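Novice: Below, each chain spelled out in residue letters.
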Amino acid sequence: AAGVIQSPRHLIKEKRETATLKCYPIPRHDTVYWYQQGPGQDPQFLISFYEKMQSDKGSIPDRFSAQQFSDYHSELNMSSLELGDSALYFCASSALQGPTYTEAFFGQGTRLTVV
Amino acid sequence: DAKTTQPNSMESNEEEPVHLPCNHSTISGTDYIHWYRQLPSQGPEYVIHGLTSNVNNRMASLAIAEDRKSSTLILHRATLRDAAVYYCILRGYGGATNKLIFGTGTLLAVQP
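These protein sequence lines are chains A and B, in that order. Take the first sequence: its position 49, counting from 1, is numbered 184 in our numbering, and each next residue is one higher. Take the second sequence: its position 76, counting from 1, is numbered 1198 in our numbering, and each next residue is one higher.
If we strip away everything but chain B, and leave its shape as in the complex, we get (with noise of 0.2 Å):
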């Protein structure tokens, strides 16, 4: 399973702009990049995914590097319910590939 990196944690302000990194240098290229979000006590909650192309969607946005070994999840205005351990995770289709395979998130930290 190719592996992703992201910072171990971050912090942020209410009401501003985060930009979460990771790292998937050994992407391949049928895999999905899909971010999820867990609070505390919580299941995993879906965020966003994409192929090639940035996508936007009510909760944020992706950004993804042009060669694909990079993305960036944007919070647009952070809130107070946006603190949760964000992952990134490379999802393939197809048979036994369409697992997901969480890896070491990051905390994100929003202060008031």
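Same shape as in the complex, but just chain A (with noise of 0.2 Å):
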């Protein structure tokens, strides 16, 4: 079965410069969730879209931007990169079913390193 697509796996980037980070959410799936995770942390919800509009947001940094787009596939797009943005960055879909949403689906993740 299909999964969570996310892209790059790996990424270095140096401080000050600007990453972009791409996630392929399941098929039929119309909602999709950013979360960053740093080393020996737990993850943090960043933000999140439905229907191609932002749903929710979370403690996403000014300098971070995303967006849904028609094929639903989502960009988090990172500015001015600081050392401390470096960590695992997860996407995950769901679906609204009925009430309620599906179970969310994760993908491997990005793991971003500004140095």
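Please keep in mind that the hints were generated in silico from the structure rather than gathered at the bench. Since this is a predicted model, take the numbers as computed values, not measurements. The C-beta atom is built at its ideal place from N, Cα and C for all residues, glycine as well. Possibly wrong hints are sitting among the right ones.
Facing chain A, from chain B, some residues (calculated, C-beta under 7 Å) [unchecked claim]:
id: 1; residue: Asn1220
id: 2; residue: Lys1221
id: 3; residue: Phe1224
id: 4; residue: Val1232
Computed footprint of chain B on chain A; a stretch qualifies when at least three of its residues, placed anywhere within it, have a C-beta under 8 Å from a C-beta of chain B [said to hold, decoys possible]:
id: 5; stretch: 175 to 186
id: 6; stretch: 225 to 233
id: 7; stretch: 239 to 246
In silico negatives: residues of chain B with every beta carbon more than 12 Å from chain A [to be verified]:
id: 8; residue: Glu1137
id: 9; residue: His1141
id: 10; residue: Ser1147
id: 11; residue: Ile1149
id: 12; residue: Pro1166
id: 13; residue: Ile1196
id: 14; residue: Asp1204
id: 15; residue: Gly1227
Grab the two chains, each in its own frame, and use the hints to assemble them into the complex.
Specialist: And the structure:
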């Protein structure tokens, strides 16, 4: 079965550079979530989209932005990168089913290293 | 967001049952109880979820207290591959409440 695809899997950037992370949800999933997980920490919710509209916002820095496109894939854009942005970034997707959502499926993550 | 409380770590022996507790005393009537687990360097993986009644699937069972203020994830026969961090998460439905908020989960160690 198709899973959530994230690219790239690994990314190395220098301070003050920009990075773009991509997420391709499971087919027919209309909701995408982004999470950041620092070393030894729990995943932190950044932002989510439903039907191409931002549906919720967590602790996402102003230097980060994201969007969901017409084909439901999503991109997380990160500018003015800082050393503290080094983390695993996970994308998850789910689908609205009646009044509830299906379980969320997570991708394998993008490991971003800022040097 | 309603919070959950889990033990930081637990240990089990291989092929024995494991009971992972979770307290969620501020749960609202529309919160589902979800369990996810995360193996090292992998994305979180869905395990099971429920609302009021106990639930079973191929991975685990979920026992929910009558007052819904606590729940227990049951792994019937632990294997080495079950060693992971287990997260108990309350997830509302609809609108802005469907996100998953990860707290501090339980690190399960499985001894051979």
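Novice: If a hint holds in the structure, say so; if it doesn't, say that too.
Specialist: Evaluation of the provided hints:
1. Asn1220: holds (5 Å)
2. Lys1221: holds (5 Å)
3. Phe1224: Interface hint status for Phe1224/B: holds (4 Å vs cutoff 7 Å).
4. Val1232: violated (21 Å)
5. 175 to 186: With 5 residues closer than 8 Å to chain B, the stretch 175 to 186 of chain A meets the three-residue bar; holds.
6. 225 to 233: holds (count 3)
7. 239 to 246: holds (count 6)
8. Glu1137: holds (27 Å)
9. His1141: holds (22 Å)
10. Ser1147: For Ser1147/B, whose nearest Cβ neighbour in chain A is about 20 Å away, the distance exceeds 12 Å, so it holds.
11. Ile1149: Ile1149/B clear of chain A: closest Cβ-Cβ about 16 Å, beyond 12 Å.
12. Pro1166: violated (5 Å)
13. Ile1196: holds (18 Å)
14. Asp1204: Answer for Asp1204/B: holds, closest chain A Cβ roughly 18 Å.
15. Gly1227: At roughly 7 Å from the nearest Cβ of chain A, Gly1227/B sits no farther out than 12 Å, so the non-interface label is violated.
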